[in-house]
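Enquirer: Listed here are the chains, written in short residue letters.
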Amino acid sequence: MAEGGPLGLLVFATILALIGVLAFSIRLFSVIKYESIIHEFDPYFNYRVTQYLTKAGIYEFWNWFDDRTWYPLGRVIGGTVYPGLTLTAGTMWWVAQKINIPLSVETVCVFTAPVFSAFASWATFLLTKEVKGTGAGLTAAVLLAMVPSYISRSVAGSYDNEAVAIFALVFTFYLYIKTLNTGSLFYATLNSLAYFYMVCSWGGYTFIINLIPIHVLMCLITGRYSARLYIAYAPLVVLGTLLAALVPVVGFNAVMTSEHFASFLVFVILHVVALDRYIRRTLDEKTYRLAFTVVVTIGTTGAVVLVGILVALVAASPTKGWSGRSLSLLDPTYASKYIPIIASVSEHQPPTWPSYFMDINILAFLAPAGIIACFRPLTDSSTFIILYLVTSVYFSGVMVRLMLVLAPAACIVGGIALSAAFDTLTRSIKYAPAAPPAVSIATETEETPGLIASPASSATTLKEKAKDANAEKVKERVAKRKQRKERDAMEKKHVPEEASEDKLALLPVEASAVGLVLLILLASFYVVHCVWAAAEAYSAPSIVLTSRTEDGVHVFDDFREAYGWLNHNTDENDKVASWWDYGYQTTAMANRTVIVDNNTWNNTHIATVGMAMSSPEKAAWDIYRSLDVKYVFVVFGGLVGYPSDDINKFLWMVRIGGGVFPHIKEPDYLRDGNYRIDDQATPTMLNSLMYKLSYYRFAEASMDGKGFDRVRRTEIGRKHFKLTHFEEVFTTHHWMVRIYKLKEQKNRVRGKIKRKSKAGKSKPSSTTNRSSSKGKSQK
Amino acid sequence: RIHRHHIVGTAFIMAASAKDARDLVTAMRSAYAKTPTRLKIIDMYVIYGLVTAVIQVVYMAMVGTFPFNAFLSGVLSCVGTSVLGVCLRMQVNPANKEFTDLPPERAFADFVLCNLVLHLVIMNFLG
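Keeping their order, the protein sequence lines are chains L and C. For the first sequence, position 430 (counting from the first letter as 1) is numbered 430 according to UniProt numbering, and the numbering increases by one without interruption. For the second sequence, position 77 (counting from the first letter as 1) is numbered 77 according to UniProt numbering, and the numbering increases by one without interruption.
The shape of chain L in the complex, shown without the other chains (with noise of 0.2 Å):
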């Protein structure tokens, strides 16, 4: 940054600038291909709480009992939910509102996650900047802004944790490397609150307070102990684990669970090195050395003393003290083996090999180049680089979820490498016509067989290493035969010159101009890549689907169709009921209670639901009835080819359902071991909820009257049916939100009851008289 003067000075601002615009640009196609709404499901449920914390003020907020959803159990959401987006938020409101500028709660929602990617962005510079200066720090910070794995989390309206978190996360970083390079006491409490920060936000907080006692481990371990890792990281885990405690989601789980336990344990062995570190200071090495025999003695016996208490009270919980999710990172196999909520969201899968260029495009190759980079010279900064990057990529392997963490590694790692590869060749073309041994280098390769390894190692980028090293190896071999003794006198006469320059030889000025034109290339191939995801992939907002036809594009808004005529036709007090994936958005856009939502917390209620959907309908009523359920809805997108709807979902309603009530047996559903709806299906699978309601007058209302089930591909098994125990209320227009109405109970039934209360009377009699006799024998 000291370099140019003042005009260098001012085009790196004008570039910091550009980067935050660049950042809050891309993410805007979905404003401008839909409009401005929340997508998903998950922003909705945000986007409610946010709507009122600013109606009702905070202490409302802190103590608010929602009883409008997982009906009849209601949610704490005080103490349920990571506050940090949506204080963020309801701040960004407030202040607007102060300064009398009138934008809506949903304005601010929907533009928060581009707000906060354009800061993640300059803290991605600063970081970078820590740990390899500012050219670096710069393309990091661009690829950061365009990186699409970033953008797919934080478009314009995808209101969810990731959109400020990823910002905390990329900050508290940067101010942990600032006060390990300064050792300032300052930047650890500014650490310590960003740490904070991050755990209002989002739980993956445990993989700050995971990755940073590994890493001090690691310096530990490598005999990089000083007093500045010291400050940087004993106060950060006091101030931290009290921080977190703070947050009501997190609460006493910051010194009970598994997670944090790692930061203690790595907290007393910095202490026992620091300590053996002063006294080693303070004695001579003799009295040192029996200090250390006896600390020794004492201390194993302590520890392990400690560690057996600590095994025990570990050993006894069933899950060794870890939440289910964390395991399920740890033993990828552990969700789908014990708990299937987990298994069955498609954001928890591993990720499949092409996603990986998709999301992360040329920094999948540019990352092992930077990693190289961050070895010329290994600082304690590169280290913790090194070790964010290649943790990362494990836990991105296990969940697609997580790729989002391993964006800003790559990022930044790639920013490296690319900023190293720009600085040779520039540096080749800069001083090429320097002096005559410079010109030597680049015409007569036998005589640089000792400057060989410099060329071979300052080219870190893949181009330059596969065009060169083959050249390279071959001279080198015939060279070295050669000419040992020029090789020692050239090696004398090329230090001064090259010592001003880092000894880092020069590259052929036409080899430099070509890798430089061939890397802006590619640096061109991202930006293109990255627009067009930002574009076309990850702009949907998944509420509004549309389709291209030949009159132009053709929009499906049945979703918010289905919620307003529930808004509007229904009243306020009646409980809608329908898969967990609608919950939130039921709550937010229609403003009725709910039975299970998108938090999934308790399973049983789940399973109810669940099996209410593959029971037979009176089965099915009763269930509904006993939950005071007036609606139910269902997706189906049979009729225009949508996949995600509800038939599709089936499997995980009688897996759910079949886990917590044994009578739902999967095999019932199966034909051949595949969910068949034709007329191979099983009578279970004809007779369940789910199909009548999907498939209820979709032959009638078909063209050809068969009933083609676009989505499976196949013409329904039971085509002309009635329903009895529920009425159709409200179709959308492309039939993809089915709404019904339970049937009330009738008033009189004939025939059946008078049949039913003789089988009745003449049965408890019976048993009175089985179980009086019990009595009487028993006593």
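Hints are computed from structural coordinates only; laboratory data are not their basis. Using N, Cα and C, we set each Cβ at its ideal position, and we do this for glycine too. Please note that the accuracy of each hint is not assured.
[Stated by the list, open to error] What the simulated footprint calls covered on chain L by chain C, stretch by stretch (three residues with Cβ under 8 Å from a Cβ of chain C suffice, anywhere in the stretch; the number is not a length):
hint	stretch
1	226-232
2	238-248
3	717-726
Since chain L is already given, all that's left is putting chain C on it; use the hints.
Expert: Same frame as chain L, now just chain C:
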């Protein structure tokens, strides 16, 4: 035979280490006496914090963990102030090469700021 060797060996080690322990203590005392007074004051403050923390833990073991947040905030405030005291000592110690360009007033100001934040959080968490 091995049994007897083992017992004799342990007794020998313990006797040797008892004498060594006394030597060690005297060596440490004489080495510590050379530290500047300023650092000794900080050391007293750190040890006072740690002793208070131990007292609190013993009290908790006697009386039970309710209310847990009060216990946590008490212990962590003592440990926190000790840690911050150690950080201050490291920054102010003239023998530390890394901090020669850091004026001790700045170190103390940082120390006060961090303590302020720590105690603000503690008071919030005490409940």
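Enquirer: Determine for every hint whether it applies to the structure shown.
Expert: Status of the hints after comparison with the structure:
Here the stretch 226-232 of chain L counts 5 residues with a CB under 8 Å from a CB of chain C, which clears the bar of 3, and the coverage holds. A count of 7 residues in the stretch 238-248 of chain L with a Cβ less than 8 Å from any Cβ of chain C is obtained; the coverage claim is therefore met, three being the minimum. Chain C is given as covering the stretch 717-726 of chain L, and this is violated because 0 residues of the stretch bring a CB closer than 8 Å to a CB of that chain, at least three being needed.
Violation of the numbered hints given earlier is confined to hint 3; every other hint is satisfied by the structure.
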